[in-house]
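Line by line, the protein sequences are chains S and V.
The first sequence: position 101 = 101 (my numbering), numbered continuously.
The second sequence: position 259 = 452 (my numbering), numbered continuously.
Hints are computed from structural coordinates only; laboratory data are not their basis.
One or more of the hints may lead you astray.
One side of the interface only, derived from the structure: several residues of chain S facing chain V at Cβ under 8 Å [as the list claims (entries may be wrong)]:
id, residue
1, 30
2, 64
3, 80
4, 87
5, 94
6, 125
7, 127
8, 136
9, 137
10, 138
11, 146
12, 149
13, 150
Have a look at the derived ranges for each label pair, beta carbon to beta carbon [said to hold, decoys possible]:
id, chain 1, residue 1, chain 2, residue 2, range
14, V, 461, S, 22, 44 to 54 Å
15, V, 315, S, 151, 56 to 66 Å
16, V, 318, S, 68, 47 to 57 Å
Computed cross-link-like contacts, DSS-like style, restricted to lysine-lysine with a CA-CA straight-line distance of at most 30 Å [what the hints assert, rightly or not]:
id, chain 1, residue 1, chain 2, residue 2
17, S, 59, V, 273
18, V, 273, S, 138
19, V, 273, S, 131
20, S, 57, V, 273
21, S, 53, V, 273
22, V, 273, S, 64
23, S, 108, S, 53
24, V, 273, S, 56
25, S, 64, S, 43
26, V, 273, S, 164
These figures come from a predicted structure and were not determined experimentally.
For every residue, glycine included, the Cβ atom is placed at its ideal position computed from N, Cα and C.
One-letter residues, chain by chain:
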Amino acid sequence: MLRFTLFLFFGIHLNTFSQEIDFPTDDTGKYTFIEVVELTGMKKDLLFENGKKFMKKIKVLNSKTGYLRVDNENYEIYNRGSFYVYRIGSVKKGIGGAVEYDIKLEFKDDKYRYTIANFMFNEYRKNRYGKFEPVNGKYTPLEKEVSTLNKKEWDKHRAVIYEKTRELIRNLYGQMIYEEEKKNKKVKTIEEW
Amino acid sequence: MKKTTLLILSLILSIVFVKAQDEENEGLQISGSVDTYWKYDFSGYKDESGIGNIPTSFADEQNSISIGMIDVALSQTVGKASFVGEFAFGPRSFKSIPLFQPDDGFDDIYVGIQNLYASYAFTDVFSLTAGYMGTFVGYEVISPAANFNYSTSYLFTNGPFQNSGIKADFAISDRLAFMVGLFNDWNVYQDINGVSDFGAQVYFMPVDGWDVYVNFITGDPSGTVIDLTTGWQITDELYVGLNAADYAAKGDDAGGYTGVALYPQYAFTDGFSLGFRYENFKFKEFTNEDLQKISSQSVNAFTLTANLKAGPLTVIPEFRLDGASDEFFYKNSDGVDMTKSASQFLVAAVYAF
């Protein structure tokens with residue numbers, strides 16, 4: 001737990017402004033964030049409920065399609081979400097695209113496991129009405145190397161996604177323990193105090 | 194100690210990190226583009242204003258390092274309300290927007306507004322938008338940052354540029370949407386004869402990556418346009434777009450146009466794409482002011498365009514050859530002899546921010 005706490009406090013700002021990000025990868029080289037988080041004393045049913053609440057907030061931006069799947073038998077939840085990335089050098093954020101990702105949560109007593117992977121960049125372009133919208137059907141894996149001319153912006157997108165994914169992981173953790181604290185918190189009556 | 198740490202941590206996390214992921218951007222966004230170009234018409238012809246042979250919109254100044262426009266769009270979404278205000282200055286903008294005509298005796302004024310509208314999303318499905326908007330008809334747009342080719346098609350040049358009005362959008366799903374609206378005449382800030390055009394659009398997505406728009410606008414004196422605009426990202430590298438339209442004009446001179454344009458594009462790398470545009474365009478027969486019937490004229494236009502991208506900058510070399518059914522173009526710089534074909538080369542730079 002202490003290690004995780006340190007990760008939370010010191011990991012937050014690591015690499016924030018770094019352009020070369022060392023993403024965790026799976027055996028095939030795909031960017032994958034995977035970790036087992038231990039929460040001693042928490043039952044899987046409660047973790048599962050907390051996980052559902054969290055996963056309901058995940059969505060692909062600018063899309064009406066829902067990807068949430070809940071496997072009640074195996075205590076697993078799947079969803080797909082996305083983060084905005086912004087154009088380099090904008091005075092004020094101009095959307096450059098969105099990076100979609102798959103997220104999977106699995107639960108057991110005293111622990112949960114998250115897997116966040118399959119990061120795909122979907123370019124946004126300004127439409128005829130002056131608004132940015134996704135280019136339908138054009139997805140680029142975040143692992144893909146780009147030409148030197150476009151590397152700076154691509155690396156910046158990667159850095160942003162790295163940080164946002166870390167934040168997502170922290171938010172997930174916050175949801176899990178927050179509900180436990182709330183549940184244990186008894187409302188005292190006037191007479192009791 | 195452990196429990197205390199956990200408690201403090203949980204409080205911090207619950208207060209600071211309540212959101213699960215990105216919210217929709219609610220800040221004021223600033224975006225836009227600047228563009229500049231050099232064009233050479235191989236006939237050497239230019240008129241008194243320095244304009245070359247091919248009569249489509251923009252990129253028309255012969256053998257000159259010329260400017261397009263600076264385009265700045267402000268937009269914001271707060272909750273269910275949003276606005277866009279887009280203004281532009283430069284020849285490309287002035288050639289694509291109406292003049293504001295004050296009624297107090299002053300000269301006409303360039304206002305430079307490309308988009309100015311407000312929207313409210315009553316539900317996830319239904320939203321209402323009112324104001325001055327880029328047209329929903331057609332494939333190509335005014336902003337050079339949103340087109341692959343730098344020169345424009347005849348379909349674009351002869352169709353509407355903007356439609357002021359009020360419209361209702363119904364986004365049923367990611368794959369199906371409708372729009373209906375009441376509009377001013379084309380390309381005006383103010384409609385003197387009242388709101389007299391009706392427009393509608395159906396959008397559907399047959400498969401992932403394939404957008405299909407069927408557009409319709411009709412009114413008096415504007416006339417009627419039926420338009421199909423579609424684009425299919427077949428693979429990560431290969432994209433094909435298509436625009437087909439028919440316009441029937443109103444009034445004694447009648448006429449109109451019909452045309453089709455095909456836009457295959459291939460991305461060899463993230464920084465280099467090659468695209469081709471083939472267009473067949475035909476002006477319909479019409480009666481001129483002297484009551485003479487003017488027979489229809491057609492043109493086939495072939496455009497080969499490359500896009501070289503370096504971050505926000507796109508360099509666009511482009512070769513274009515137009516062949517007409519009649520002697521439609523000037524053969525050489527003397528501006529006397531006519532010919533059926535014209536060709537040009539241009540290089541443009543577009544920076545989008």
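Verification of the hints:
At its closest, the beta carbon of residue 30 of chain S sits 17 Å from a beta carbon of chain V; the interface hint therefore is violated under the 8 Å criterion. About 5 Å separates the beta-carbon of residue 64 of chain S from the nearest beta-carbon of chain V, less than 8 Å, and the hint is met. Taken as an interface hint, residue 80 of chain S does not check out: its beta carbon lies about 11 Å from the nearest beta carbon of chain V, beyond 8 Å. At its closest, the beta carbon of residue 87 of chain S sits 6 Å from a beta carbon of chain V; the interface hint therefore holds under the 8 Å criterion.
This hint holds: residue 94 of chain S has a C-beta 4 Å from the nearest C-beta of chain V, less than the 8 Å allowed. Hint status for residue 125 of chain S relative to chain V: holds, with the closest Cβ pair at about 6 Å, below 8 Å. With 8 Å as the threshold, the beta carbon of residue 127 of chain S comes within range of chain V, its nearest partner Cβ sitting at about 7 Å, so the hint holds. Given the 8 Å rule on beta carbons, the hint for residue 136 of chain S holds: about 5 Å separates it from the nearest Cβ of chain V.
Interface hint status for residue 137 of chain S: upheld, as the beta-carbon distance to the closest one in chain V is roughly 2 Å, under 8 Å. Restraint check, residue 138 of chain S versus chain V: the minimum CB separation of about 5 Å is within 8 Å; hint holds. The interface hint given for residue 146 of chain S is met, as the beta carbon of that residue sits about 5 Å from the closest beta carbon of chain V, less than 8 Å. Below 8 Å, beta-carbon pairs count as interface contacts, and residue 149 of chain S has one with chain V at about 4 Å; its hint therefore holds.
For residue 150 of chain S, the interface hint holds, the least distance from its beta-carbon to any beta-carbon of chain V being 5 Å, beneath 8 Å. The hinted range of 44 to 54 Å is not satisfied by residue 461 of chain V and residue 22 of chain S, whose Cβ atoms lie roughly 30 Å apart. Between residue 315 of chain V and residue 151 of chain S the beta carbons are some 44 Å apart, a value that contradicts the proposed interval 56 to 66 Å. Between residue 318 of chain V and residue 68 of chain S the CB atoms are about 19 Å apart, so this pair departs from the stated range of 47 to 57 Å.
With a C-alpha separation of about 18 Å, the suggested pair residue 59 of chain S and residue 273 of chain V falls inside the 30 Å cut-off, and the hint holds. A hinted pair counts as satisfied when its Cα atoms are at most 30 Å apart, and residue 273 of chain V with residue 138 of chain S qualifies at roughly 28 Å. With a CA separation close to 15 Å, the supplied pair residue 273 of chain V and residue 131 of chain S stays within the 30 Å bound. Distance hint between residue 57 of chain S and residue 273 of chain V is fulfilled; the C-alpha atoms sit about 18 Å from each other, no more than 30 Å.
For a cut-off of 30 Å, the pair hint linking residue 53 of chain S to residue 273 of chain V stands: about 24 Å separates their Cα positions. A C-alpha spacing of about 16 Å is found between residue 273 of chain V and residue 64 of chain S, which places the hinted pair at or below 30 Å, so the restraint holds. With a C-alpha separation of about 17 Å, the suggested pairing of residue 108 of chain S with residue 53 of chain S holds against the 30 Å cut-off. Only pairs whose Cα atoms come within 30 Å are accepted, and residue 273 of chain V paired with residue 56 of chain S is accepted, the gap being roughly 20 Å.
Between residue 64 of chain S and residue 43 of chain S, the direct Cα distance comes to roughly 33 Å. Violation of the 30 Å bound is thereby established for this hinted pair. For the given pair, residue 273 of chain V sits about 25 Å from residue 164 of chain S by alpha-carbon distance, which is consistent with the 30 Å threshold.
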